[in-house]
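Colleague: Here is how the chains run, residue by residue.
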Amino acid sequence: MVFIGMFSVNVPAQTVLSDEQLATIEQRVLERVRDFMDCLPEIAAKGNKTAAERENATRYIQKALKLCIGNGNEYKYQDAYGNTRIHAPVTMQTTSRGRANPPKPMKRYLNSLMALPYQHVEIDVCEAIRLDKKLHQVAPDSWEGSATILQVFRAETGDGLKVIDDVDKKQITVYVNREVIDLPGGDKEEFWIVMLGDMRVANKYNR
Amino acid sequence: MKRILVWFAIVISSHLCVLSQGTLLGNHTSYGRLFLQSVKSCDEFMCRFNEEEYFPILNADDSEVGLKNFIFLFDYKLCDGKDSVAFLQELSDFYHVVRINNIRLSNSSKDWYAELRADFLYKKKIVELGIVMQYETAPTGLPCWQIVGVNGLEKIGYRDTTNRYAISPVQHESLFVELDDDFKRLTNEFSMFRGRNIELDALSYFFALVETGTLKFQGRVLTLFHFLDVPSYVFSVKYHARNIANTGWLISDYEHVSNEEKQVYLKQLLGK
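So the sequences go chain by chain: W and R. Per my numbering, the first sequence starts with residue 1, numbered consecutively. Per my numbering, the second sequence starts with residue 208, numbered consecutively.
Keep in mind that the hints were calculated from the coordinates and are not lab data. Be careful, since some hints might not be right.
[To be verified] Only pairs whose alpha carbons sit at most 25 Å apart, straight line, appear in this in silico BS3-like list of lysine-lysine: (1) R:LYS469 <-> R:LYS289; (2) W:LYS133 <-> R:LYS275; (3) R:LYS330 <-> R:LYS423; (4) W:LYS133 <-> R:LYS317; (5) R:LYS479 <-> W:LYS133; (6) W:LYS104 <-> W:LYS49; (7) W:LYS162 <-> W:LYS134; (8) R:LYS423 <-> W:LYS104; (9) R:LYS331 <-> R:LYS423; (10) R:LYS423 <-> R:LYS332; (11) R:LYS332 <-> R:LYS479; (12) R:LYS284 <-> W:LYS204; (13) R:LYS317 <-> W:LYS134; (14) W:LYS204 <-> R:LYS445; (15) R:LYS284 <-> R:LYS331; (16) W:LYS134 <-> R:LYS445.
[Stated by the list, open to error] Okay, the calculated bits of chain R under chain W, using three or more residues with CB under 8 Å as the criterion: (17) 348-357; (18) 444-450.
Ideal placement from N, C-alpha and C gives every residue a C-beta, glycine not left out.
Sequences are here, hints too, so could you generate the full structure?
Modeller: Below, the structure written as C-alpha cells:
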C-alpha cells in the first residue's frame with residue numbers, strides 16, 4: 001500500500017485538451033507556420049545579394065530559427081522516463097526534380113536557401129492545415145503533435161523565367177507549451193507557445 | 208450492394224484522376240481538395256476509422272456514409288485481380304464486424320503495433336529488419352513508444368530451433384576442452400548448445416548486436432501500423448504518396464483470420 005502511494009506521487013494526470021483549446025492551438029500552429037514560411041522568400045530571393053541584402057536575409061534566418069525548437073541547435077529535453085536526453089537539431093526536407101531529398105539541419109537549409117540564384121520567390125501555405133486531434137502529452141504542460149500543410153514554392157530568375165513551381169504536402173512536428181499567467185482579480189489566462197520541429201515531405205505533387 | 212458497387216466505381220474512377228492544376232491554395236482549389244481528402248496522419252486515419260470524422264467528399268446525412276467512409280480507408284489497389292463485388296462484400300463484412308463490436312482505434316490500444324522497417328549493415332551486407340514498437344505509459348504517467356519485438360533476424364542467422372548440440376557428458380573431466388574447437392567452427396549456431404528448455408529471445412539478440420556495433424543502422428525504409436483490434440481481422444496501414452485522392456495512410460493489407468492465426472501473425476511480427 002505504501003509502495004502504491006509512493007508511486008502514484010510521481011504520476012501526473014494526463015490533461016485532456018478541450019476542442020476549444022485544440023482550436024486555439026491549431027490557430028497558433030498555423031500562425032507559427034506562416035511566420036516561418038514568410039521568412040523563406042526573404043532569405044531566398046535576389047540572387048547575387050548585395051551586402052545589405054545579405055544582412056537582411058541573415059536577419060530573417062535568425063527569425064526563422066527562433067520559431068524552431070532549440071533555435072535550430074541541438075537541445076536538451078526530458079523523455080517520458082525523466083531522463084535528460086539530447087535531441088538533434090531540427091531538420092527540413094525538400095524536394096528537387098520530383099524527388100524528396102534527405103533531410104538537412106535547418107540552419108544548413110536556411111543558409112543554402114540564401115545562396116540560391118533566384119530573383120523572386122513566393123511561398124504559399126494552405127489554409128486547410130491539419131493538426132492531430134490527439135496531441136501527445138510529454139510533460140505536465142507540454143504536448144507534441146504533427147501538423148500537415150500544403151506548400152507551394154515558386155521561384156523565378158531575373159528574366160522572369162519560372163524555374164521552380166513545386167507543390168509539397170509537408171508534415172511538421174509541433175511542440176506546444178502551455179503558460180498560465182495570473183491576472184488582477186484572481187483570473188488566469190492561458191497562453192500556448194508553439195515551436196516548430198522537423199519538417200518532412202509527405203507528398204510531392206507533380207504539376 | 209449493387210448500388211454501392213456503382214457508387215464505388217464512380218468514386219474510384221474519380222479517385223484515380225490526377226486533379227487538375229491549381230494556381231492558388233485553399234479548400235476551393237484542386238490541390239486543396241486533394242489535401243482534404245488525403246489521410247494525412249495516423250491520427251486522421253484513426254478519426255476516420257472511428258467515424259469521428261468522414262472523408263470530406265462524403266455527405267454525412269447519407270445512410271451509407273459509414274460504409275463508404277470505411278471503403279475510402281483502403282488502398283484501391285487491393286481490388287486488383289479480385290472480383291469487385293466480392294471485394295466490396297468483404298469490406299462490407301469487415302465494416303459490420305467493426306461496428307457490431309463497437310471497435311474504436313486508439314493510441315492506448317494494446318492491439319496496436321508500429322513497425323519500422325530499417326536497413327542495417329551486418330558483416331558487409333545490408334539487411335532489412337522490422338523493429339516493432341508499442342505505445343506504453345512510462346512510470347511518470349506520460350505516453351511513449353517502446354520497442355517490443357524485432358522481425359527478420361533469421362536473415363542474419365538467428366534461429367530458434369528445437370534441435371540442440373550436445374556437449375559430451377564427460378567433458379567436465381577434461382575441463383570442457385572440446386568447446387575450444389566448437390567456439391571456432393560453430394559460430395553461426397553456437398546457441399544450439401543451450402539447455403533443452405532455454406528459449407532464445409530475439410529482442411535480446413538484436414540489442415546485443417546493436418550495442419556491440421555488429422549491426423549498424425543504415426536508414427529507415429518504411430513505417431507500418433498493424434491493428435489487431437478487430438475480432439477475426441488483422442490489418443496494416445502504410446503511407447501511400449500519390450497524386451490521386453486515394454492517398455495518405457491507407458489500409459494496405461487485411462486478412463480475415465481465426466484467433467489462432469492472429470496469434471501466429473503476432474508472433475511473426477514480434478519475431479518470437
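Colleague: For each hint given before, does the structure comply? Return the numbers of the non-compliant ones in rising order.
Modeller: 5, 7 and 15
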